[in-house]
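Engineer: Now for the letters of each chain:
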Amino acid sequence: MTTTTTTTATATARAGVEVRLEQLRRTYGSVTALDGLDLVLRPGEMVALLGPSGCGKTTALRLLAGLEDADGGRVVVGGQDVTRLPTNKRGMGMVFQAYSLFPHMTALQNVAFGLRLRKVSDRERTRRAGEVLELVGLSAQADRYAHQMSGGQQQRVALARALAIQPTVLLLDEPLSALDAKVRAQLRDEIRRVQLEVGTTTLFVTHDQEEALAIADRVGVMNAGRLEQLAPPTDVYHRPSSSFVAEFVGLSTKLPATVAGGRADVLGVSLPLVDAAAPPGPARAVVRPEAVGLAAAGPGETGPLVGTVVATSFLGAVSRVTVDLGPAGQALAQLPTSDVGGFAVGSRALVTLRPDAVVVLPPA
Amino acid sequence: MSPRRVTGGRLAWLGSLPFLAYVGLFLLAPTVVVAAGAFTDTANRPTLANVRVLGDRTVVDSFVNSIALSAASAVIGAVLGAVLAWVVVTGNPDGALRRTTTAVCGVLAQFGGVTLAFAFIASIGNQGLVTLALAQLGPQLSTGWLYELPGLVLVYSYFQVPLMVLVFLPALDGVRPQWREAAETLGGSPWQYFRHVAVPLLTPAFLGALLLLFANAFAAYATAAALISQGAIIAPLQIRTALTSEVVLGQANAGKAIALGMILVVAVAMTLYALVQRRSARWLR
Numbered sequence: 010m011t012t013t014t015t016t017t018a019t020a021t022a023r024a025g026v027e028v029r030l031e032q033l034r035r036t037y038g039s040v041t042a043l044d045g046l047d048l049v050l051r052p053g054e055m056v057a058l059l060g061p062s063g064c065g066k067t068t069a070l071r072l073l074a075g076l077e078d079a080d081g082g083r084v085v086v087g088g089q090d091v092t093r094l095p096t097n098k099r100g101m102g103m104v105f106q107a108y109s110l111f112p113h114m115t116a117l118q119n120v121a122f123g124l125r126l127r128k129v130s131d132r133e134r135t136r137r138a139g140e141v142l143e144l145v146g147l148s149a150q151a152d153r154y155a156h157q158m159s160g161g162q163q164q165r166v167a168l169a170r171a172l173a174i175q176p177t178v179l180l181l182d183e184p185l186s187a188l189d190a191k192v193r194a195q196l197r198d199e200i201r202r203v204q205l206e207v208g209t210t211t212l213f214v215t216h217d218q219e220e221a222l223a224i225a226d227r228v229g230v231m232n233a234g235r236l237e238q239l240a241p242p243t244d245v246y247h248r249p250s251s252s253f254v255a256e257f258v259g260l261s262t263k264l265p266a267t268v269a270g271g272r273a274d275v276l277g278v279s280l281p282l283v284d285a286a287a288p289p290g291p292a293r294a295v296v297r298p299e300a301v302g303l304a305a306a307g308p309g310e311t312g313p314l315v316g317t318v319v320a321t322s323f324l325g326a327v328s329r330v331t332v333d334l335g336p337a338g339q340a341l342a343q344l345p346t347s348d349v350g351g352f353a354v355g356s357r358a359l360v361t362l363r364p365d366a367v368v369v370l371p372p373a
Numbered sequence: 260m261s262p263r264r265v266t267g268g269r270l271a272w273l274g275s276l277p278f279l280a281y282v283g284l285f286l287l288a289p290t291v292v293v294a295a296g297a298f299t300d301t302a303n304r305p306t307l308a309n310v311r312v313l314g315d316r317t318v319v320d321s322f323v324n325s326i327a328l329s330a331a332s333a334v335i336g337a338v339l340g341a342v343l344a345w346v347v348v349t350g351n352p353d354g355a356l357r358r359t360t361t362a363v364c365g366v367l368a369q370f371g372g373v374t375l376a377f378a379f380i381a382s383i384g385n386q387g388l389v390t391l392a393l394a395q396l397g398p399q400l401s402t403g404w405l406y407e408l409p410g411l412v413l414v415y416s417y418f419q420v421p422l423m424v425l426v427f428l429p430a431l432d433g434v435r436p437q438w439r440e441a442a443e444t445l446g447g448s449p450w451q452y453f454r455h456v457a458v459p460l461l462t463p464a465f466l467g468a469l470l471l472l473f474a475n476a477f478a479a480y481a482t483a484a485a486l487i488s489q490g491a492i493i494a495p496l497q498i499r500t501a502l503t504s505e506v507v508l509g510q511a512n513a514g515k516a517i518a519l520g521m522i523l524v525v526a527v528a529m530t531l532y533a534l535v536q537r538r539s540a541r542w543l544r
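Going down the list, the protein sequences come from chains A and B. Counting in this note's numbering, the first sequence runs from 10 upward without gaps. Counting in this note's numbering, the second sequence runs from 260 upward without gaps.
Read the hints as simulated data drawn from the structure, not as lab findings. Possibly wrong hints are sitting among the right ones.
Some chain A residues near chain B, calculated using beta-carbon distances under 8 Å [unchecked claim]:
| # | residue |
| --- | --- |
| 1 | Ala74 |
| 2 | Thr92 |
| 3 | Leu94 |
| 4 | Thr96 |
| 5 | Met101 |
| 6 | Gly102 |
| 7 | Met103 |
| 8 | Phe105 |
| 9 | Ser109 |
| 10 | Phe111 |
| 11 | Phe122 |
| 12 | Gly123 |
| 13 | Leu126 |
| 14 | Arg127 |
| 15 | Thr177 |
| 16 | Leu276 |
Positions of the beta carbon are idealized from the N, C-alpha and C atoms, including for glycine.
Kindly produce the complete structure, drawing on both the sequences and the hints.
Structural biologist: The following block contains the structure:
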C-alpha cells in the first residue's frame, strides 16, 4: 500500500510554487468585488479563502485561474507574471462547486482529458489517469459515467482530473458545498491528504468556517474585496485581527468590558488580553462558547453573571446553552451534553468565564 | 389528522385523461382504421391488393421524394436552426435577442400550410411581387422550380428552421459553463472544447431534433397541396390522388396502404428520436 501511494504521489507531484496576487482589482458595474487584494501563497501550502457571500473570494480564485480578467493588479505564479496569460496556458487544475465532469466520458476518460489535450500517448495517459484515480481511491469506478457515481465520487474524480495534469496550482472552488455533511467531512480530509501528498500549492475557497479551519495551512478571511486576516487557523480563531474576523469566525459572545492595566474586566472577572496594546476604556470582550462555563445559581443569588437559560441546542457530544444576562446581553456556553441536564430553559444559572486571553472590540 | 394531498398517488393520471382521450380518438383510432383499411377491400374482405400498391413505380418514387424532401429540409433546418440557437444562447439569457427570437420562432414554426404556400407564391411565384419587380428591372426570375421538389425544400425550411431553434435551445441551455471552464483549465482551446466536449454532448440532441424535423416534414401535407395542384410527387399527395382522383376512383383503401407506409416511416424516425433523446436528456439535464 505504501509503495502504491508513493508511486501515485510521484506521478502527480510537482514542486509547489509561490503564488502572488498583487493589488488585484475587479469591479462588476458599480460593485467592487476585489479592492486591491494582496495575497501570497507559499510553495506547497494550502490557503483557504473564507468570507461571506459577495466578499470576493471566488472572484480572486477565478482571476488566478484566468477565467476572468483583472481590472488592475498582477498575478504572479512561480515568479512569472501570468496576468495576461489565457486560462489554457496557465497549467492550473481546478475543481468546481457544481459537478463539472464531462457526462459523456467515463471517470478514467475525464481524468485523462487534460493529458489527451497535451497529446500524451494513449497508453501513457491511461496509466497516469489510472494512478491518479487510485490516489483518490476510485480505481474501481474508472469505467463509470458521472450519472453512475455519487456526488462525493464525482468530486473525487474532478479532483483527480485536476491533479492528472500536474498543475502548478490547484484551485478548489467550494468543492464540498453540494455534498451532504458526512461525505463533506470525509472528502475534506481526503483532499487534504492528497494535497499534502502531491505538494501542490492550493487555494481553497469556501464559506464554511469549519471546513476552512480544518483543512488549510493558513486561512484568509475576506471582507468587501479585501483580506482582513491571513494566518494559521488557530490564530484566526483565537487571535482575530479585526472585529470583522472576530465576529465572522466562530461563535462568540460579546460582553461589556473595561480595559485597564493590560487586562479586561468582564462583568467583574479580570481576563488577560490577546492584544496587550488594546486602548484602555470601555470595550466589548469576545468570549468563545468553549470558554464559558455554567453553574447552578443558588436561590436568590444575583450578580452580573447570573441569568436565565433561554435556549439549549443539542449537537451530539456537546450542547450549547444560551443564558440571558439582562442588560449585559446573552452568554453562549458550550458544554458536554452530559453536563447540560440541570440547565433547562427557564432555570437560573451562574456564568463562569475561563481565564483565557480575550479579544476586545470597541464598544457597540 | 394530516391533510391529504389532492394531487399525486393513484388519481394523478386523471389529470391527463382528456389528453389521453384526445390522442386515442384522433391518433390511435385513425391509425387502427388506416391499418385495417390497408388490408381490406371496399367490401371489407381481407386483401393484399392495397399494399401491393406500395410497390408501384409512382408510389415508390413519391416515397423516395418524400424522404429526400424531408431529409433535405431537416438538414437545412437543423443546421441553420442550430447556428441561430447557438447565437441566441451565447447572448444575454434575459436579453431582447432571445425573447424576440423565441417569440418569432414560436409563431413561424406553426406558420405552415396554405398560408405559407401563398406567401411564397405571392413573393416568388409566376406572378409574385419579387418576380414582377425583378422583371421590370430586367432579370427574368425562373419560377417553375417553386412548384417542384426544390421549391418544397425551400418552403418547408421556412418552418423547419424556427422549429429547430425551439427544440434545440433547451439542449444548448443544458451545456454547463463549468464544462467549458474545466476544459480551459485543463489546457483546452475553444476549438478543442468545441470538438471534444460541446459537439459530442450535443450530438444526441442534434440528431434527435433532426429526426423530429424529418418526421415533421414527412407528415406535412397542406403546404405541398397548395403549391402543387397537379401530380403527386410526394407520398401525402399520392394519398390525395388515391382519395380524390377521378381516374383512380375507388382506391381509398390503397390510400390507406400508402398512409400506413408513411406511419411506418414516421414510427421508425420517432423510435430513433426517443432513443437519442434518452441519452441527451441524461447528459444535458
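Engineer: With reference to the structure, classify each hint as holding or not holding.
Structural biologist: Going through the hints against the structure:
For Ala74 (chain A), the interface hint holds, since its Cβ comes within 8 Å of a Cβ in chain B; the closest pair sits about 6 Å apart. For Thr92 (chain A), the shortest C-beta to C-beta distance to chain B is roughly 16 Å, which exceeds 8 Å, and the interface hint is violated. Because the closest C-beta pair between Leu94 (chain A) and chain B is about 12 Å apart, greater than 8 Å, the hint is violated. With a least beta-carbon distance of about 4 Å to chain B, the hint placing Thr96 (chain A) at the interface is held under the 8 Å criterion.
Annotation: Met101 (chain A) was flagged as interfacial toward chain B, and the flag holds, the nearest CB pair being 6 Å apart, inside 8 Å. At a threshold of 8 Å, the smallest CB-CB gap from Gly102 (chain A) to chain B is about 7 Å, leaving the interface hint in force. The closest approach between the C-beta of Met103 (chain A) and any C-beta of chain B is roughly 4 Å, which is under the 8 Å cut-off, so the hint is satisfied. Given hint, Phe105 (chain A) at the interface with chain B, holds; its Cβ is 5 Å from that chain's nearest Cβ, closer than 8 Å.
Checking Ser109 (chain A) against chain B by beta carbon gives a least distance of about 4 Å; that is within 8 Å, so the hint holds. Against a cut-off of 8 Å between C-beta atoms, the interface hint on Phe111 (chain A) holds, since the closest Cβ of chain B lies about 6 Å away. Interface hint at Phe122 (chain A): satisfied, since its Cβ lies 6 Å from the closest Cβ of chain B, which is below the 8 Å cut-off. Evaluation of the Gly123 (chain A) hint against chain B yields a held restraint, the C-beta minimum of about 4 Å falling below 8 Å.
Checking Leu126 (chain A) against chain B by beta carbon gives a least distance of about 5 Å; that is within 8 Å, so the hint holds. Interface hint status for Arg127 (chain A): upheld, as the beta-carbon distance to the closest one in chain B is roughly 6 Å, under 8 Å. Here the hint on Thr177 (chain A) is broken, as its CB sits about 11 Å from the closest CB of chain B, past 8 Å. The interface hint given for Leu276 (chain A) is violated, since its Cβ lies 49 Å from the closest Cβ of chain B, which is over the 8 Å cut-off.
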